[in-house]
Every structure is written in structure tokens, then in C-alpha cells.
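J.: Chain by chain, the residues:
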Amino acid sequence: MSTAQQGARAARAGATPYLYLAPAVVLFTLFVAAPIGYTAYLSMRRVKFSGLGLGKNSRTEIFVGLDNYRAAVADGEFWAGWLRVLGYAGLVLTLMLGLALVFALLLDSARVRLARFSRIAIFLPYAVPGVVATLLWGFLYLPSLSPVHATLRAFGVENVDLLDPSTVLFSMVNVAIWGGTGFNMLVLYTQLRAIPRDYYEAARIDGASELAIALRVKVPMLAPALVLTTVFSIIATIQVFTEPMTLRPISNAVSSTWSPLMKVYTDAFVNGDLYSAAATSLVIALISVVPSLLFMRLVRRRAFGEER
Amino acid sequence: MRTKRLSAALSVLLAGALVAGCSSSPEEETPQETGPVELTFWTWAPNMDKIAAVWNEAHPDIKVTVSKQAGGDEAAAKFLTAAKAGNAPDLVQAEYQMLPSFVAAEAVADIKADVEGVRGEFSDGIWRLVTLGTDAVYGLPQDSGPMMLYYRQDLFARYGLEVPRTWEEYAAAARTVHARDKSVYLGGFSSKDPGWFAGLAQQAGGQWWSITGEAWQVGINDDATKKVADFWGGLAKEGVVDTQAPWTPEWNAALNGGKLLTWSSAVWGPGVLSSNAPDGKGKWAIAPLPQWSAGENHSGFWGGSSIAVSAGSKHRKAAAQFLSWLNTDAKAVDLLIKEAAIYPAAKSGQQLLTTAPEYFANQPDFWQQATTIAGTARGFTFGPNVNVAYGAYKDAFDKAVQQKSSFTDALAAVQDATVADMKKSGFTLAS
Amino acid sequence: MTATMLDKPRTTAGADRPGGVRRPLGFAPTAVLLLGALYCLLPVLWVVTASTKTRGELFTSNAFAPGTGLLDNIADLSAYRDGIFWQWMANTALYAGVGALLSTAVSVLAGYALAKFRFFGRDVIFNVLIGGILVPAVVLAVPQYLLLAKAGLANSYWAVLLPSILHPYSIYLARIYAAAAIPDALLEAGRIDGAGEHRLLRVVALPLLAPGMVTIFLFQFVAIWNNFLLPFIMLADDERFPLTVGLYTLLATGANQPALYHLVIIGALLSIIPLIALFLTMQRYWRTDLSGGSVKS
Numbered sequence: 001m002s003t004a005q006q007g008a009r010a011a012r013a014g015a016t017p018y019l020y021l022a023p024a025v026v027l028f029t030l031f032v033a034a035p036i037g038y039t040a041y042l043s044m045r046r047v048k049f050s051g052l053g054l055g056k057n058s059r060t061e062i063f064v065g066l067d068n069y070r071a072a073v074a075d076g077e078f079w080a081g082w083l084r085v086l087g088y089a090g091l092v093l094t095l096m097l098g099l100a101l102v103f104a105l106l107l108d109s110a111r112v113r114l115a116r117f118s119r120i121a122i123f124l125p126y127a128v129p130g131v132v133a134t135l136l137w138g139f140l141y142l143p144s145l146s147p148v149h150a151t152l153r154a155f156g157v158e159n160v161d162l163l164d165p166s167t168v169l170f171s172m173v174n175v176a177i178w179g180g181t182g183f184n185m186l187v188l189y190t191q192l193r194a195i196p197r198d199y200y201e202a203a204r205i206d207g208a209s210e211l212a213i214a215l216r217v218k219v220p221m222l223a224p225a226l227v228l229t230t231v232f233s234i235i236a237t238i239q240v241f242t243e244p245m246t247l248r249p250i251s252n253a254v255s256s257t258w259s260p261l262m263k264v265y266t267d268a269f270v271n272g273d274l275y276s277a278a279a280t281s282l283v284i285a286l287i288s289v290v291p292s293l294l295f296m297r298l299v300r301r302r303a304f305g306e307e308r
Numbered sequence: 001m002r003t004k005r006l007s008a009a010l011s012v013l014l015a016g017a018l019v020a021g022c023s024s025s026p027e028e029e030t031p032q033e034t035g036p037v038e039l040t041f042w043t044w045a046p047n048m049d050k051i052a053a054v055w056n057e058a059h060p061d062i063k064v065t066v067s068k069q070a071g072g073d074e075a076a077a078k079f080l081t082a083a084k085a086g087n088a089p090d091l092v093q094a095e096y097q098m099l100p101s102f103v104a105a106e107a108v109a110d111i112k113a114d115v116e117g118v119r120g121e122f123s124d125g126i127w128r129l130v131t132l133g134t135d136a137v138y139g140l141p142q143d144s145g146p147m148m149l150y151y152r153q154d155l156f157a158r159y160g161l162e163v164p165r166t167w168e169e170y171a172a173a174a175r176t177v178h179a180r181d182k183s184v185y186l187g188g189f190s191s192k193d194p195g196w197f198a199g200l201a202q203q204a205g206g207q208w209w210s211i212t213g214e215a216w217q218v219g220i221n222d223d224a225t226k227k228v229a230d231f232w233g234g235l236a237k238e239g240v241v242d243t244q245a246p247w248t249p250e251w252n253a254a255l256n257g258g259k260l261l262t263w264s265s266a267v268w269g270p271g272v273l274s275s276n277a278p279d280g281k282g283k284w285a286i287a288p289l290p291q292w293s294a295g296e297n298h299s300g301f302w303g304g305s306s307i308a309v310s311a312g313s314k315h316r317k318a319a320a321q322f323l324s325w326l327n328t329d330a331k332a333v334d335l336l337i338k339e340a341a342i343y344p345a346a347k348s349g350q351q352l353l354t355t356a357p358e359y360f361a362n363q364p365d366f367w368q369q370a371t372t373i374a375g376t377a378r379g380f381t382f383g384p385n386v387n388v389a390y391g392a393y394k395d396a397f398d399k400a401v402q403q404k405s406s407f408t409d410a411l412a413a414v415q416d417a418t419v420a421d422m423k424k425s426g427f428t429l430a431s
Numbered sequence: 001m002t003a004t005m006l007d008k009p010r011t012t013a014g015a016d017r018p019g020g021v022r023r024p025l026g027f028a029p030t031a032v033l034l035l036g037a038l039y040c041l042l043p044v045l046w047v048v049t050a051s052t053k054t055r056g057e058l059f060t061s062n063a064f065a066p067g068t069g070l071l072d073n074i075a076d077l078s079a080y081r082d083g084i085f086w087q088w089m090a091n092t093a094l095y096a097g098v099g100a101l102l103s104t105a106v107s108v109l110a111g112y113a114l115a116k117f118r119f120f121g122r123d124v125i126f127n128v129l130i131g132g133i134l135v136p137a138v139v140l141a142v143p144q145y146l147l148l149a150k151a152g153l154a155n156s157y158w159a160v161l162l163p164s165i166l167h168p169y170s171i172y173l174a175r176i177y178a179a180a181a182i183p184d185a186l187l188e189a190g191r192i193d194g195a196g197e198h199r200l201l202r203v204v205a206l207p208l209l210a211p212g213m214v215t216i217f218l219f220q221f222v223a224i225w226n227n228f229l230l231p232f233i234m235l236a237d238d239e240r241f242p243l244t245v246g247l248y249t250l251l252a253t254g255a256n257q258p259a260l261y262h263l264v265i266i267g268a269l270l271s272i273i274p275l276i277a278l279f280l281t282m283q284r285y286w287r288t289d290l291s292g293g294s295v296k297s
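Protein chains in written order, with this note's numbering: chain A, 1 to 308; chain B, 1 to 431; chain C, 1 to 297.
Rather than coming from a laboratory, the hints here were simulated on the basis of the structure.
Among these hints, one or two may not hold up.
[What the hints assert, rightly or not] Taking CB as the label site, the calculated pair distances span: (1) G121(C) - I211(B): 56 to 64 Å; (2) E339(B) - L45(C): 34 to 42 Å; (3) K347(B) - L286(A): 56 to 64 Å; (4) E158(A) - A65(C): 19 to 27 Å; (5) S50(A) - A361(B): 51 to 59 Å; (6) T68(C) - E158(A): 26 to 34 Å; (7) L71(C) - K50(B): 20 to 28 Å.
[Claimed, not checked] List time: in silico DSS-like cross-link candidates among lysine-lysine, alpha-carbon distance up to 30 Å: (8) K424(B) - K150(C); (9) K347(B) - K317(B); (10) K48(A) - K314(B); (11) K48(A) - K112(B).
[Stated by the list, open to error] Incomplete in silico selection of chain A near chain B, CB under 10 Å: (12) G51; (13) G53; (14) G55; (15) N57; (16) T60; (17) F139; (18) L142; (19) S144; (20) P249; (21) N252; (22) A253; (23) T257; (24) F269; (25) N271; (26) L274.
Don't be surprised by glycine CBs; every beta carbon is placed ideally from N, CA and C.
Take these sequences, add in the hints, and give me the full structure.
T.: Below you can see the structure in the form of C-alpha cells.
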């Protein structure tokens with residue numbers, strides 16, 4: 001067991017790694033794999049009623065093969081939802097990650113005052129649960145009590161509806177940026193702090209400005225972390241659900257199928273149709289495999305390249 | 001230093017967690033076969049635990065435990081999922097429109113034999129909501145929501161308005177008010193409250209679902225409902241009714257600040273008004289809903305719920321016994337009124353309501369009026385997929401309100417979505 | 001380099017760092033950051049002001065004007081259903097505390113094995129475990145419920161605890177931390193000295209991983225604290241509800257009852273306070289070195 005291996009990189013396998021992985025694998029099997037298997041099973045079934053469906057035995061669960069999948073894929077709203085999510089993801093990814101990058105660089109730059117305060121403040125929304133966010137934005141987006149509208153009025157902008165079809169996307173993006181910038185900023189900032197200072201000293205001695213150092217030295221070094229935050233954010237935006245659900249009660253412009261995952265939620269939790277929800281959710285998972293395969297490749301090449 | 005100590009602590013805890021993970025197994029809950037019958041009860045009515053405590057005191061052999069639930073859209077799905085897993089509570093609160101889907105899912109029991117004795121306590125219209133027009137009885141009615149018009153007495157006087165007796169008068173008043181002040185509306189149309197629209201359709205004589213022989217008939221876009229949709233569609237297009245989403249801070253502020261002069265709502269309105277529009281105290285009053293033709297006298301129902309016994313309950317008789325007490329016993333109904341702030345479905349309960357709500361001190365005969373109006377309310381049969389129809393209503397009318405497009409088209413979309421879903425599920429539909 | 005980085009978190013403020021000599025941009029960077037801070041803080045500030053308002057003030061006064069009902073609101077909330085709010089608070093602390101602890105244990109073990117051992121199936125196991133993030137919680141909640149119900153565990157503390165333990169992000173982080181913080185040479189030396197693998201884990205690996213473990217613990221703690229859907233579907237008995245589900249019952253009171261806004265808002269504020277306290281007291285651990293400081297010196 002304890003014999004050293006050639007290359008001195010890792011211990012020879014033995015049972016130890018399997019033992020250490022066992023809890024994770026068991027939990028994965030029980031709480032991820034088994035439910036997914038069950039979802040796949042449900043996705044090929046449906047409840048069939050006969051007659052009025054009210055008497056005894058007028059209800060049977062039947063096998064329908066791929067019918068639920070066909071219905072999911074044939075639904076125009078489903079694809080329209082993907083289109084909306086695409087636009088949403090484009091905005092969130094650029095704005096949120098852009099802001100996170102700027103904040104991280106500023107925090108890391110020389111002589112910023114109140115850095116600790118800013119860092120904690122920007123990270124704070126991470127602690128606000130979704131139930132509260134709904135209430136919060138209801139108060140802030142609706143005109144009569146809102147300081148946002150009061151400010152706009154002060155600048156002469158009257159009667160802006162932040163929740164009509166032309167603006168609701170941006171209102172949603174704002175909720176996402178508010179909630180997510182802090183986390184990503186922290187990821188990038190931590191990475192920046194790990195860069196040895198000597199790297200910049202050379203540039204400074206050459207007379208490079210802070211801005212030049214940030215752009216030419218720091219950003220390239222952040223590349224691995226940026227790639228990873230991007231991929232994590234892509235997966236999160238594909239699964240967008242909380243933000244539209246948050247605004248739906250206060251806006252007439254957010255349908256119950258605004259995003260693909262909202263359709264799953266509506267089917268499962270409002271219409272009680274677990275079977276369609278199961279099929280749709282597996283289609284969503286399949287579609288998300290594309291960016292995630294990309295993710296796997298990047299993860300292995302970028303982060304673990306030095307291990308092998 | 002802190003790092004060290006923390007890491008040491010965490011390592012110890014970690015080791016402990018590992019040991020615990022190996023040695024402990026989840027405790028099994030063994031059902032008690034001896035002793036009193038234990039019933040669990042899912043409800044969102046406030047203070048139901050206090051009412052159950054009164055029952056428990058008097059009935060040591062049947063102990064009811066209340067689990068307070070959220071009353072949102074997801075409540076029904078949660079119960080159906082629990083029933084599917086064999087984990088349903090013994091008793092469950094079910095909004096009337098959700099009861100048929102519970103029945104179709106075979107999640108609630110027929111308690112006809114156990115509640116025969118209290119049939120006389122309820123009016124025919126309400127009773128039909130728990131029988132679904134069949135021979136079975138799937139629950140006991142708890143509360144109901146006959147609809148009426150809430151209006152601001154003081155502002156009506158200021159604008160020189162009469163309380164509208166017909167919808168025609170309502171439309172005229174809506175134009176007058178909005179013309180006088182662009183920030184004020186006579187009332188609102190809600191694309192978020194399908195139950196409200198269903199109540200207005202009931203008033204007009206709509207029959208969204210009906211049973212002919214062994215087949216369902218879906219009439220969401222029947223002539224009566226089309227008339228209602230047309231009426232509101234016209235006003236919305238003119239821009240003389242408020243179409244913002246209700247139940248938001250904005251809407252509360254409008255109610256509170258005199259920007260909305262009426263609210264077509266149901267008998268449970270006082271609770272909402274006193275909470276969300278405290279400044280309007282003593283300024284609101286009730287009247288019957290405007291009618292479709294002068295001289296008529298009809299209303300509809302918005303909201304209201306029944307309590308059902310789940311099909312999986314091992315104590316059906318005991319559960320039904322508690323149900324009968326809760327919804328018909330004079331003391332229990334009195335508690336429902338005082339503690340749970342509901343408008344009881346039992347006829348006897350309505351006579352217990354004598355003192356007007358504090359918020360309506362200006363209208364001492366509030367309950368007499370309400371009871372008179374309640375007598376004119378007509379309901380309709382709900383179908384097995386109301387959730388789908390209601391979901392389609394929100395999507396279709398949200399869009400229609402937003403684009404100021406035809407409300408009749410939106411109604412047709414709701415009808416189509418509902419019929420398509422029923423066909424998919426295999427229900428027999430009358431052609 | 002990377003190991004020391006994890007070992008000794010540097011002092012947090014940037015101002016006292018050597019190297020920052022010039023200020024070509026003047027006050028601008030600070031101003032931008034403060035603007036960002038303001039943007040993130042204002043909505044949180046709203047929760048604070050709103051919680052001071054009485055029911056009436058909530059819908060009549062400007063969103064940021066303070067009210068007069070803070071203490072009354074707290075008293076009302078504590079009186080609601082005989083103080084069940086505090087039961088929810090205790091439950092949430094239990095779910096988040098125990099759940100995050102178990103999650104950290106499982107993740108660190110898995111991450112250590114993945115980073116420091118070579119064995120058959122390593123990549124497959126890692127990919128499959130990480131692939132878990134592709135399946136959203138909305139999708140898993142109902143099947144998880146149905147399966148746990150079959151095991152007789154639905155509506156128990158276990159129903160919320162057990163599914164919260166496995167967390168792909170945490171395993172991913174743990175692997176990175178382990179790769180960066182534990183020098184292979186140290187393990188090799190231990191093996192040559194004849195130390196068993198479990199002893200190496202306890203004596204060498206865990207102490208080196210401790211800061212990373214705290215980070216994983218904190219992230220999991222917040223994630224479970226704010227989780228809504230899983231406990232919502234799993235729990236029937238409101239004595240076992242966590243804060244999110246409990247507050248939701250105050251908000252969704254049923255069609256015929258007014259929402260208890262003032263209780264929800266003060267409840268929300270009280271529910272955020274422990275998290276803020278965590279942020280402030282343990283801020284040095286709030287770091288997510290996702291790529292393990294891949295810059296090698």
C-alpha cells in the first residue's frame with residue numbers, strides 16, 4: 001500500500017481512493033442517479049383517464065414510449081423559451097462577468113479605499129433568499145413607492161414601465177446581476193491574490209501604468225478562472241428560473257413558459273403533470289450537455305493539466 | 001491562530017461526522033396502533049391549530065394535528081405528490097376548483113356514508129361543489145366566497161357617482177372617473193386571478209364544465225363568458241380600467257390611496273382591505289355586483305374551500321367525524337369565523353355573523369347585506385383540470401392585456417388549451 | 001506558492017500592500033467600487049427600512065423611509081403561532097449546519113482521493129459526479145421525494161439533510177484545493193515512513209486542507225440556508241420547516257387571506273442576520289479559488 005510509485009505523483013491505487021470516494025458515490029447514486037432514472041421512467045408514462053375520470057378505476061398509468069418527448073419538442077413555446085434564454089444569457093454573461101472582472105481588478109489594484117467594505121457589500125446579495133428577492137423587487141420595480149422611479153422622475157424620465165415586454169428582460173437581467181456579481185467577483189479576486197507580486201514589479205519598473213498592468217498582465221493570468229466562471233455561469237443561465245419566477249407575479253409580460261425550466265416547474269408543480277415535466281427536463285439536460293462537454297474539456301485541460 | 005483552532009475543530013467534527021455516518025441509521029417511525037386515533041390535517045387557514053385544540057380537548061379518542069401549509073398554486077401539487085407517494089395527510093384543505101382533480105387522481109375518499117347527517121346544513125349550490133354532480137361526497141364545504149362590489153363611499157360622493165346597478169352603468173362610470181383624473185380608475189381587470197374571472201362568468205350564467213351522461217362538456221368560451229370577456233376587453237382597450245397585476249405593493253398602494261374606487265371581490269374582502277388598505281377604514285362599503293340586465297339579481301363565487309379526507313387515510317370515519325364537527329357545529333363554526341376569519345359555508349354559520357367588521361363600521365348591516373348577496377350567488381361545476389385552464393388564463397390574458405388585443409381570442413385560447421389537455425388525458429368529451 | 005496561499009490568508013485590505021505606490025487614476029477606482037457596493041446594498045437596505053414599518057406604512061410611504069414599527073413587528077413575529085418562527089430558525093441552523101458539515105466531509109474525502117490518487121475510473125467518476133450540476137434541483141425534487149417516501153423518510157429531518165449533502169461544486173473545489181495545498185512529496189515521505197493512508201489523511205492532508213474546508217463549509221451553509229424547493233416538497237409538518245418555507249407560508253396565505261407582509265419582511269431580515277454575521281466573522285475564508293492558483297512560480 002505504501003510503496004512509492006515512479007514519478008512520485010500519486011499513490012498506487014489500492015482500495016483507499018475508492019473508500020474515500022464511497023460516500024460521494026453512494027449519495028450520488030441515491031440522490032442523483034436514482035432520481036434521474038426514476039425521471040426517465042416517468043417520462044415514458046402518462047396517466048390515462050376513461051369516461052369522466054371520477055369513478056373508481058377510471059384512472060390508469062400507461063406506457064407511452066417517446067410520446068411525451070415528442071410533445072415537448074413539438075411545443076413552439078419551448079423553443080421560444082430557449083430563444084429568450086439565449087438573449088438573457090448573452091446579457092447576463094457579459095454584464096455580470098464584466099462587472100465582476102472590473103470589481104476584482106479594482107479591489108486588487110493599489111490604494112483603493114474602503115476595499116473591505118465594498119467587497120462585503122457586493123457579496124451581500126448572495127445571502128438574500130429568493131422568497132425575499134421577489135418581495136424586494138416588487139417594491140423597487142413598481143412605480144408608486146419605488147425610489148428607482150423617483151430617481152428617474154427627478155431626471156425627467158416619466159412613466160417608465162420596468163415590467164412591460166420591452167423592458168422586462170432587462171429588469172430580469174438586473175436581478176441576476178445583483179445576485180451573482182459578488183460570487184464571481186470573489187472567484188476572480190481570489191485568483192488575482194494568488195498571482196505572485198513579482199510579476200507586476202517587472203512591468204512597473206518598465207514604466208507600465210496600472211491600467212496597462214491590469215490589461216496586459218493580470219487579465220491574461222486570470223484567463224483560466226474567467227473561463228471557469230463563464231462556463232459555470234452558462235450552466236446557471238441555461239437553468240434560469242428564479243428571476244422570471246420572481247417577476248411573474250408583478251408583470252404581465254412573463255408567461256408561465258418564459259424559460260424552458262419554468263415550463264418544467266409549471267408542469268410539475270402547478271399542473272401536476274409529472275410525466276411531461278420529466279420528459280421536458282431530460283430534453284433540457286440533453287441540450288445542456290453541449291456547453292458542459294466543453295466545460296469538462298476545459299476543466300481537465302486548464303485546471304488539472306499540471307496533475308498528469 | 002484562529003485558522004489553526006478552526007481547522008482542528010473542523011477536523012474533529014469531521015471525524016465525528018464520519019463515525020456518526022457509519023453507526024447511526026435513520027430512526028423508523030412506528031405507527032402507534034394503540035391509544036387514540038391520530039389525524040393529520042393540512043390547511044392554510046389561520047389559527048386552525050387553536051380550533052383543533054378545542055376539538056382535542058373534548059375528544060380524547062381522536063387527536064387532530066394541524067400542519068399549516070402555504071396556500072399558493074403549488075399547494076395542490078404538493079398534496080397530489082404526497083398522495084402518489086402514499087404519504088398524504090388524513091385531512092386536506094382543497095379549494096373547490098381543485099377538488100375534481102383530487103378526485104380524478106383518486107386521492108380523496110368518498111365520505112357520503114359518514115356525513116349524511118349534515119347534508120341539510122349546506123345550500124344546494126355549495127353542496128354541488130363537493131359532490132361534483134355525482135352520487136358521491138368528496139368533502140365538506142368550509143368557506144365560500146360570494147362576490148360583491150366594494151366601493152369607496154366617500155369618493156363616490158366626491159365624484160358624484162351612483163353605485164352602478166348594471167355593468168353598462170359601471171362602464172359609463174369607469175369612463176367618467178378616468179376622464180376626470182387620469183391616475184384614478186373605477187376598478188380593475190385582473191389577468192392574474194382566473195378565480196375572479198370565473199366568478200364573474202358564473203354571475204353571467206357561464207358553465208365552464210358540465211357533465212352530460214358520461215362525457216364532459218367544456219364551455220369556457222360559452223356565450224355568457226364571451227360577454228364578460230368582451231366587456232372587460234373593451235374597457236381595457238379604452239384604457240379606462242386598471243389592468244395592473246393585483247396583490248402587489250403597487251396595487252395595495254392604489255387601494256389604500258383612493259386610486260381605485262371599487263373592487264369587485266368576494267365576501268372575504270374585509271380581511272384584505274383592512275390589512276392592505278388601512279387608510280380606507282370606514283370609507284368602503286359593499287353593494288351587489290352590477291348586473292347584466294337591469295332587474296336581475298345574480299352573483300358568482302370567488303374562492304372558498306372544502307376539507308376532504310384523503311383516500312389513503314386509515315381513519316376515514318374519525319376524520320369525517322371531525323370534519324362534520326368543524327364545519328357544522330355551532331361552536332366550531334363560531335371559532336372558524338373568529339379565529340380563521342372565514343365566511344362559513346354552513347347556513348347556520350352565516351347567522352352567527354352579526355356585528356359588522358370593524359373596518360366597515362360605517363355599514364352596520366354589512367353581514368345582512370352580505371348574506372342577501374350570498375343567496376343570489378350561482379356557481380358552476382369545476383372540471384378535472386382547472387389548474388390547466390387557470391394557467392392558460394393567466395398566460396392568455398396577460399398577453400391580451402399587454403397587447404390590448406381581443407379578450408375573446410384570449411378566452412378561445414383558454415378553451416382550446418383546456419380541451420386539448422383533457423383529450424390528451426383521455427377524458428371523454430361531448431362533441 | 002499555492003500552498004502558502006491557502007495556508008495563510010493574507011490581510012484583507014488592499015491599501016497596506018507593498019507595490020501600490022502610484023495612484024494614476026486618483027479616486028476613480030474607489031468611486032467605481034463604492035458605486036457597485038451601493039448598487040448591491042440598496043435593496044438590502046430596503047429590507048432593513050421595510051422591516052421597521054407597520055402594515056399601514058408599508059404601502060403608504062416611500063420605500064426607503066424608515067417606519068415606526070420595528071419592535072412591534074418583532075413581537076408580532078415572535079407571537080405568531082406561539083413563536084414558531086424561532087423553531088424555523090433553529091431548524092434552518094440544524095439543516096445548514098449539519099448539512100454543510102456532512103457535505104464538507106464527503107466533498108473533502110472525494111476531492112482528496114481524486115486529486116492525490118491514481119486509480120482506475122478516476123476520470124469517469126469525477127466527470128459523472130461533476131455532471132450533477134447539469135441537472136437542476138427543480139427536476140430532482142419530485143423524484144427525490146417519491147424515492148425518499150418509499151424509504152419512509154419523507155417529512156423527516158433526514159429528507160432535507162440527506163439530499164443536501166452531495167454537492168458537485170464542493171467536490172470540484174475540494175479537488176482543486178487538495179491538488180494545490182498538499183504537496184505530493186509530503187505524502188510520499190509519510191508513506192516511506194510507513195504511515196497508513198488514513199493516518200496520512202488525518203495528520204497531513206486534513207490540516208493542510210482546513211482553510212479550504214472552511215470555505216466549502218461556508219458556501220454549503222449559505223446554499224442550504226436559502227434552499228426552498230427541496231424542503232418545500234419534502235416537509236409536511238410545519239414544526240420542521242426551515243425559514244424559507246416558513247416565510248413562504250406567511251406570504252402565500254391562501255386566496256382569501258391577506259399576505260402577512262410585515263411578518264415576512266421582518267422574518268427575512270432576521271433570517272439574513274446570521275448569514276451577515278458569518279460573512280463578517282469569517283470573511284477571510286470567503287474565497288473561491290476555482291482554478292487552484294494555476295500560476296506556478
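J.: Are the hints correct? Go through all of them and say.
T.: Against the structure, the hints come out as follows:
1. G121(C) - I211(B): 56 to 64 Å: Distance hint for G121(C), I211(B) holds at roughly 60 Å.
2. E339(B) - L45(C): 34 to 42 Å: The hinted range 34 to 42 Å holds for E339(B) and L45(C), with Cβ atoms some 37 Å apart.
3. K347(B) - L286(A): 56 to 64 Å: holds (57 Å)
4. E158(A) - A65(C): 19 to 27 Å: 22 Å Cβ-Cβ, so the 19 to 27 Å window holds.
5. S50(A) - A361(B): 51 to 59 Å: Since the Cβ atoms of S50(A) and A361(B) sit about 55 Å apart, the hinted range of 51 to 59 Å holds.
6. T68(C) - E158(A): 26 to 34 Å: Given range 26 to 34 Å: holds, Cβ gap about 31 Å.
7. L71(C) - K50(B): 20 to 28 Å: 25 Å Cβ-Cβ, so the 20 to 28 Å window holds.
8. K424(B) - K150(C): Given that 30 Å is the threshold and the Cα spacing comes to 29 Å, the pair holds.
9. K347(B) - K317(B): With Cα atoms ~24 Å apart, K347(B) and K317(B) stay inside 30 Å; holds.
10. K48(A) - K314(B): The given pair, whose Cα atoms are some 27 Å apart, holds under the 30 Å limit.
11. K48(A) - K112(B): holds (26 Å)
12. G51: It holds, given that the least Cβ distance between G51(A) and chain B is near 5 Å, below 10 Å.
13. G53: With a closest approach of 4 Å, the G53(A) hint holds.
14. G55: Given a least distance of 8 Å, the restraint on G55(A) holds.
15. N57: holds (8 Å)
16. T60: holds (9 Å)
17. F139: holds (5 Å)
18. L142: With a minimum Cβ separation of about 4 Å from chain B (threshold 10 Å), the hint on L142(A) holds.
19. S144: S144(A) check passes; min Cβ-Cβ to chain B is 5 Å, inside 10 Å.
20. P249: Since the shortest Cβ distance to chain B is 6 Å, the answer is holds.
21. N252: holds (4 Å)
22. A253: holds (6 Å)
23. T257: holds (7 Å)
24. F269: Nearest chain B Cβ about 5 Å off; hint holds.
25. N271: This hint holds: N271(A) lies near chain B, its Cβ roughly 5 Å from the closest one there, short of 10 Å.
26. L274: Holds, because the Cβ-Cβ distance from L274(A) to chain B comes to roughly 8 Å (cut-off 10 Å).
Of the numbered hints given earlier, the model fails none.
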